[in-house]
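Chemist: Please work from the sequences and hints to get the whole structure.
These protein sequence lines map, in sequence, to chains D and S. Per the numbering used here, the very first residue in the first sequence carries number 204; after that it's consecutive. Per the numbering used here, the very first residue in the second sequence carries number 1461; after that it's consecutive.
Watch out, some of these pointers could steer you wrong.
A few chain D residues that face chain S, going by a derived Cβ cut-off under 8 angstroms, partial list only [unchecked claim]:
hint : residue
1    : I233
2    : P260
3    : Q264
4    : L336
5    : A339
These are calculated hints, taken from the structure and not from any lab test. All of these numbers come straight from a predicted model, not from anything done at the bench. Just so you know, even glycine gets a beta-carbon here, dropped at the ideal spot from N, CA and C.
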Amino acid sequence: MYEKPIGLNGGRYAEAESPKPGDPVVGVLIFLASETMFFAGLVTAFLVSRAASLDWPPLGQPRLPVLATAFNSAFLLASGFTMWRALQDRRCDQANFQRWVAVTAGLGAIFLALQGVEWIRLLRFGLKASSGLYGATFYTIVGAHALHVAAAVAVLLLVALRARQRHLADPAWRGVTACAIYWWFVVGLWPILYALVYLS
Amino acid sequence: MAQVAVAHAAEHELGFWRKYVFATDHKVIAKQYLWAALLMALIGGLMAAMFRWQLAWPDASVPGWGPMGPQDYMVMVTMHGTIMVFFVAMPILLGAFGNLVIPLMIGAGDMAFPRLNMASFWVFLVGCVVLLASLVVPGGASPAGWTGYPPLSDKVEFTGSFWGINLWILGLALEFVGFLLGGINFLTTVVTLRTRGMTMWRLPLIVWQEIAAVAIFLLSVGPLVAGAIMLLLDRVAGTAFFLPHRGGDPLLWQHLFWFFGHPEVYVIALPGFGIMQEILPVFARKPTFGYRTIIWCTVVACFLSLIVWAHHMYVSGIDPRLATPFSIATIAISIPFAIMIFAMIATLWRGSISFETPMLFSLGGLVTFLLGGVTGIFLGSDTADIYLHDSYFVVAHFHYTLFPVVFFAGFAGIYYWYPKMFGKLMSETLGRVHFVLTFIFFNAAFIPLFMVGLAGGPRRIYSPMAYDLLKPLQPLHVVATVATIGLVLGQLPFIVNFVMSMLWGEKAAANPWHANTLEWTVDSPPPHGNFAHPPVVTRGPYDYSMPGAKDDWYPQTAPFSGQPQET
Ligand SMILES: [Cu+2]
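Modeler: Quick look at the structure:
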């Protein structure tokens, strides 16, 4: 694996090299381990709260919009595909790449908007964070996920903007890949949270 | 040293702000973390002296504060704990030394993400400011303990502190974000930027310990952040996650807190060990005993650290059937640590030891940590803990584990790497005086607290005169307080040494300790970009006193055959 060296700073390593940049893909994967544990903490709190409650959902509390949210989820899942599609185009066609990234961000924004509408309806029906553990866990988990989607949408818009302004050089694609991985994380997390929160 | 001149040229291109304030150079960020941590340590130490004054001479006026009632006392204890763990220990051991040594020791020019590194420090610094600001808001700072247990921390009605606790949560959250960014950087750097020949099995032990520490930090902090968000929502949005009378569960906080809180001990302890493991072979002129064994012990300890948290909850009303497995896991975790300690002692065995200041502090840390580790076995056993829990025995125990790794190892690291950081040598005489004062006063401050705890003295009581059964323990508190004040004053030689050496100290050579690791192959202080040419590593980091070698050290870049490199 490692061949016999020639000695200190000698021989063929004569020319000075500028410091190497780190690999954003490695960075984002490490970050996602932390994120996973964060959501695991929230899910644990949800499971503990549910187990401690006599009935779930409690009597007299509104039911969650299972079907409407399933419909909404389709937008988010579709964005996972468009993100992949964007990466397919990245080397040969940067204009297409930029378009697909914008579509991905748009689908994420639609998901967020529909979530917002659902929240307003639920609040009108009287499901508040302060009205009990049911509402509290719902708004906390779904809200935490929505904030992650919002942050990821902002990042994707930045990527699209960068790609529009100038041609992305090869090293930048590692950063783009890192953004895509983060996007797939927030997309892939959603079905799990949906099943836990909406279908229980 | 022509290579240095090349790199120096690059350094001059940066302006003042980019070079010293919003710096991306890991060495500057390390110094920024060090300054911030030392300042916070001064604040945290003075707070300890003030609440200790109240314990020794109850209801006497505390110098610089005035009479200290129960509320002030609890605020002081809370802030002391929070500051020392999150705003002193972590910035010294991870922020300062992690940043300083990781790129240098692996032969990299800088961290993987220098701008993220800069953000890490500035987010941390804002966290410091937010935490200190909580001291002056109406209602006062948090008196809810550094663990912030609800229900006490949950509602303003229980403490009178609304913004105080909110800012406490916010300050901690910022600190977590800062070290999250730093941790990602540490790991990515070690994974991707190691120089040619620097295999994982040639990494200096401190680099292993730093990445192990940030790995468990990254894995354990998420649930606590989730808990902190829920606590904040309870306080400001009317939720009731942790309020039992509304269906919530205060034990949930304890689980989330200690799932992080126990690994946090190792987040601090492992880099502290790493510093000692770096220094012991240099001043014993011997290879580290059991290099790979130490690494495997670290890995095992990291895994176990994630499954022992409920030993903080034996008296919290958890199921006794749950207590037993946690008790077993806790006793088990002392095994890898015991092996590491034995390896460190074996490194010293028959070495040609010299007692320079870094070595003195390392040995002091080793000795005091032993007592901390041994007393931890009593507390880890659920049956013994039922008696000892929440007593001063616990206070003495965790100070005996944390003080050695934060301060003994921290000072050892400062004395050891000061020449590399600032390019000057520190005074040996002042260093030795500093060590003797610190060692004596630390032990004098905390041995009495073991006795108070064994006699049944509970912690978090603001006056030993509050209950008749505690009154006989008051003289022990006087001893502890006098020693604490001595401990604080004992830091004066250090401060003098630190400042004077920077101004008038003797200029340091590249390798004043004749050590092997890569940071000693470049100038003191190293130029921007560290290495003019990426070094090539040929051997492990601890080849001291090798048979057949001309000198008793063998730099990691020395060729296989032939003589070690001249410095
Ligand atoms: Cu613990």
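Chemist: Each of the hints needs a verdict: does it hold here or not?
Modeler: Verification of the supplied hints:
The beta carbon of I233(D) comes within 5 angstroms of a beta carbon in chain S, closer than 8 angstroms, and the hint placing it at the interface holds. Evaluation of the P260(D) hint against chain S yields a violated restraint, the C-beta minimum of about 13 angstroms exceeding 8 angstroms. Checking Q264(D) against chain S: minimum C-beta separation of about 12 angstroms lies over 8 angstroms; hint violated. Restraint check, L336(D) versus chain S: the minimum CB separation of about 5 angstroms is within 8 angstroms; hint holds.
A distance limit of 8 angstroms between C-beta atoms decides the matter here; for A339(D) the minimum to chain S is near 4 angstroms, and the interface restraint holds.
Going down the numbered hints, you'll see the structure goes against 2 and 3, while the others check out.
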